[in-house]
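For this one, chain A is given, so just place chain B on it according to the hints.
Read top to bottom, the protein sequences are chains A and B.
Numbering of the first sequence is given in this note's numbering, commencing with residue 169 and proceeding in unit increments.
Numbering of the second sequence is given in this note's numbering, commencing with residue 169 and proceeding in unit increments.
A portion of the hints provided could be inaccurate.
Said to hold, decoys possible - Straight-line Cα separation of at most 35 Å, DSBU-like style, residue types lysine-lysine; simulated pairs:
| id | chain 1 | residue 1 | chain 2 | residue 2 |
| --- | --- | --- | --- | --- |
| 1 | A | LYS311 | B | LYS228 |
| 2 | A | LYS216 | B | LYS228 |
| 3 | B | LYS507 | B | LYS382 |
| 4 | A | LYS216 | B | LYS311 |
| 5 | A | LYS511 | A | LYS432 |
| 6 | B | LYS216 | A | LYS311 |
Stated by the list, open to error - If you anchor each label on the Cβ, the simulated ranges turn out as follows:
| id | chain 1 | residue 1 | chain 2 | residue 2 | range |
| --- | --- | --- | --- | --- | --- |
| 7 | A | GLN503 | B | GLU313 | 44 to 54 Å |
| 8 | B | ARG342 | A | GLN503 | 56 to 66 Å |
| 9 | B | GLU217 | A | PRO423 | 21 to 31 Å |
| 10 | A | TYR306 | B | PRO338 | 24 to 34 Å |
| 11 | B | GLY480 | A | GLU499 | 26 to 36 Å |
| 12 | A | THR336 | B | ALA466 | 48 to 58 Å |
| 13 | B | LEU475 | A | VAL208 | 31 to 41 Å |
| 14 | B | ALA196 | A | VAL208 | 38 to 48 Å |
| 15 | A | THR331 | B | GLN276 | 28 to 38 Å |
| 16 | A | PRO225 | B | LYS216 | 31 to 41 Å |
| 17 | B | ALA496 | A | THR336 | 47 to 57 Å |
| 18 | B | GLY212 | A | GLN503 | 48 to 58 Å |
| 19 | A | GLY480 | B | GLY212 | 40 to 50 Å |
As the list claims (entries may be wrong) - Partial chain A-side listing against chain B, Cβ under 8 Å, derived:
| id | residue |
| --- | --- |
| 20 | VAL195 |
| 21 | SER200 |
| 22 | TYR201 |
| 23 | GLY205 |
| 24 | THR245 |
| 25 | ARG300 |
| 26 | SER302 |
| 27 | LYS319 |
| 28 | GLU324 |
| 29 | GLY332 |
| 30 | THR336 |
Simulated from the structure, these hints should not be mistaken for laboratory data.
Computed from a prediction, not measured in an experiment: that's the story for all the values here.
All C-beta atoms, glycine included, are put in the ideal place defined by N, C-alpha and C.
Protein chains: 2
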Amino acid sequence: MRNAWKLALLGIAAAALAGCSTGALQVADVGSYHVGGRAVTLTGLPEKELVFTPGAPPLKFDPNGDFEVEVLYARYTRLANPKGRYPLLLWHGGGLSGVTWETKPDGQPGWENHFLRAGWDVYVSDAVERGRASWARYPEIFKSEPFFRPKKEGWELFRIGETGSYDTDPAKRRALPGTQFPVASFDQFAKQAIPRWSTNDAATQAAYDAYVQKACPCVIVVHSQGGNFAFNSALKYPDKVKAIVAVETSGSPNPETIDFARLKGVPMLWVWGDNLERYPFWTRITAQQENFRQRLIAAGGTGDRLLLPELGWRGNSHMLMMDRNSDAIAERVDQWLAKQGLKR
Amino acid sequence: MRNAWKLALLGIAAAALAGCSTGALQVADVGSYHVGGRAVTLTGLPEKELVFTPGAPPLKFDPNGDFEVEVLYARYTRLANPKGRYPLLLWHGGGLSGVTWETKPDGQPGWENHFLRAGWDVYVSDAVERGRASWARYPEIFKSEPFFRPKKEGWELFRIGETGSYDTDPAKRRALPGTQFPVASFDQFAKQAIPRWSTNDAATQAAYDAYVQKACPCVIVVHSQGGNFAFNSALKYPDKVKAIVAVETSGSPNPETIDFARLKGVPMLWVWGDNLERYPFWTRITAQQENFRQRLIAAGGTGDRLLLPELGWRGNSHMLMMDRNSDAIAERVDQWLAKQGLKR
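So here's chain A without its partners, still in its complex pose:
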């Protein structure tokens, strides 16, 4: 019997030696890379004088030279024993970066956390011009000026409040009744905003395509403006994109000119929040996305929908991965992915 206890302790010790901790994520590896882009050389620009310290004499700076531009940044967390058959790539929308998917503005775990806990290797990227992908000089490299989204536009466009309901004073803002967005954290959310350009689509698509070639086979979960890039990448690499979860996607390639048959093996799920019918902007977009979905189905593809109000879940905003019920939505997405045979 003494041996019995020795063996038992051996088993427990083996676990302890592996540094194991109940409830901890078993992470094989974290890391990041830049992918895509191109080398450019600037010439003929005048020297600039720069003042580094107030009062100090200006220093001459020559802006000419070689640069690497139009890259995409991705960061990954790979699990020791993933249950997802492929990594899950989280692609952000317009005026935002990969931070969309990380900890929510109210400090609660976001979709990155949820999908890691659900057993997926998770990749979070910043597209060309955003975040750690950075941006390039204009008009020499980028062809136009950037624009910065004011808080009011985010408040209204993202269906947190109706048009005209934004106020500089947080106490005076009128949110939609029953909104799931953590309204008290709206200004914290506004800290995530990133300037955007209207003229970089080709460069952004090229960088996403390079990313798909490097990181996939994969599942893509894509938000808003990112939709168009994900659908295009899937059309180019249908063998690499194993599924697309289209979270309130706002664009897609022209259905008249694409070959939907190429997407037959790429199951897609559209996820929509609440209050879409209150905004002409959103009814236009949902109609266009629905047309794309119907064409996909007609071509023999899988085009499913998760309409949250149909589940009786009211008040979800455009930023539904930040809404109070974000975990419950992610769980439905995870179930759909499992149904497509994408989990072990």
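Just chain B, lined up with the frame of chain A:
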């Protein structure tokens, strides 16, 4: 004896149920946040016309409104059983972002990976104007134009090659003999570059101070331009900053005007690579940093140095956390931190 085996299996099963995997990082939590910054309102700017799709009619865009600006972004990985008594904060240098510390340009694990494996909770941040902290409109909010570092400047200033040794063609670049920098990955490194401003120091300091108040007590590992911010934060919050590892720091507050006695409880280690004497820029900086260190020691503080050439380690560049021997350097840093009583 049947019971013995049952108990043994029970121990092993308990480990398995905890999802344990040998060699995996036991991660309690990953997450991120923006901290610091201020709300600004822009008024009186003219409307702009933006073309979103080539050929489409321009859309009117009103750039006026409320914005959150001058924030700092931090991402953390917290371990289930950290050996470091405090989290380790990694602060980047000029023209770069937190990516400095992640996977190296040659694809090998960087200092973030090393310090996680060494048992530290690791935080990686992007300061004001960089990466996911993003930037603000100029000249209305930021007071000057940004500048973009050409590859040539990085090649020379970071002591990968001597002045005049850069060429657009990678095959024609002449690196310093015996350099530890992974020269074949220099263009990949250039993809990490981020525009910088010369007029944001006060805003950056304010955001770092807010970060220290939120994330500390902590240890700060800081590179190059970041040094000045870390020393200033330590002067303000000497109880929160438990140590500073100053990796080739290029600036510090004026030693004539600061009270070094406040830093007595903040041990510091300066880490220097090779070939400094070949560059007047670097001999000036090392002299200034050495003066700061001597004043710290004279005031009763701890100011240590890790001069890599003294260990017989030749060829380390300014980006020594990306050099081929980066793990060996990180190990020495870890040993020094342990000697300060900062590990369990």
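Results for each hint:
The suggested pairing of LYS311 of chain A with LYS228 of chain B holds, with an alpha-carbon distance near 18 Å, which does not exceed 35 Å. A hinted pair counts as satisfied when its Cα atoms are at most 35 Å apart, and LYS216 of chain A with LYS228 of chain B qualifies at roughly 33 Å. Taking the CA atoms of LYS507 of chain B and LYS382 of chain B, the gap is about 26 Å. The hint holds against a cut of 35 Å. A threshold of 35 Å between alpha carbons decides the hint, and for LYS216 of chain A with LYS311 of chain B the separation of about 15 Å falls inside it, so the pair holds.
The hinted pair formed by LYS511 of chain A and LYS432 of chain A meets the criterion: a straight-line CA distance of about 20 Å does not exceed 35 Å. Proximity of LYS216 of chain B to LYS311 of chain A is assessed by CA-CA distance (about 15 Å); at most 35 Å being required, the pair is judged to hold. The beta-carbon spacing between GLN503 of chain A and GLU313 of chain B, approximately 50 Å, falls within the hinted interval of 44 to 54 Å. Range check, ARG342 of chain B to GLN503 of chain A: Cβ separation about 58 Å, and the 56 to 66 Å hint holds.
In this structure the supplied range 21 to 31 Å holds for GLU217 of chain B paired with PRO423 of chain A, their Cβ-Cβ distance being about 28 Å. Here the CB-CB span from TYR306 of chain A to PRO338 of chain B is close to 27 Å, well matched to the stated 24 to 34 Å. Distance hint check for GLY480 of chain B and GLU499 of chain A: the Cβ-Cβ separation is about 56 Å, which falls outside the suggested range of 26 to 36 Å. Separated by about 51 Å at the C-beta atoms, THR336 of chain A and ALA466 of chain B satisfy the suggested range of 48 to 58 Å.
Checking the proposed 31 to 41 Å range against LEU475 of chain B and VAL208 of chain A shows it holds: the Cβ atoms sit about 38 Å from each other. Taken as a hint, the range 38 to 48 Å holds for the pair ALA196 of chain B and VAL208 of chain A, whose Cβ atoms sit roughly 43 Å apart. Taking the beta carbon of each, THR331 of chain A and GLN276 of chain B are about 51 Å apart, not inside 28 to 38 Å as hinted. PRO225 of chain A and LYS216 of chain B have their C-beta atoms about 36 Å apart, which keeps the hinted 31 to 41 Å range intact.
For the pair ALA496 of chain B and THR336 of chain A, the supplied restraint of 47 to 57 Å holds, since their beta-carbon distance comes to about 53 Å. Checked against the given bound of 48 to 58 Å, the beta carbons of GLY212 of chain B and GLN503 of chain A, roughly 51 Å apart, stay inside it. Against the hinted window of 40 to 50 Å, the Cβ-Cβ separation of GLY480 of chain A and GLY212 of chain B comes to about 47 Å, which satisfies the hint. Annotation: VAL195 of chain A was flagged as interfacial toward chain B, and the flag holds, the nearest CB pair being 4 Å apart, inside 8 Å.
Because the beta carbon of SER200 of chain A sits about 4 Å from the nearest beta carbon in chain B, less than 8 Å, this interface hint is met. A least Cβ separation of about 6 Å between TYR201 of chain A and chain B falls short of the 8 Å threshold, and the interface hint therefore holds. Interface restraint check for GLY205 of chain A: the shortest CB-CB distance to chain B comes to about 6 Å, inside 8 Å, so the restraint holds. Given the 8 Å rule on beta carbons, the hint for THR245 of chain A holds: about 7 Å separates it from the nearest Cβ of chain B.
The criterion of a C-beta within 8 Å of any C-beta in chain B is met by ARG300 of chain A, whose closest approach is roughly 4 Å, and the hint holds. Interface restraint check: SER302 of chain A against chain B, minimum CB-CB distance 5 Å, threshold 8 Å, status holds. Below 8 Å, beta-carbon pairs count as interface contacts, and LYS319 of chain A has one with chain B at about 4 Å; its hint therefore holds. For GLU324 of chain A, the interface hint is violated, the least distance from its beta-carbon to any beta-carbon of chain B being 11 Å, above 8 Å.
For GLY332 of chain A, the interface hint is violated, the least distance from its beta-carbon to any beta-carbon of chain B being 14 Å, above 8 Å. About 5 Å separates the beta-carbon of THR336 of chain A from the nearest beta-carbon of chain B, less than 8 Å, and the hint is met.
Violated hints, listed in ascending order, are 11, 15, 28, 29; each of the other numbered hints is respected by the structure.
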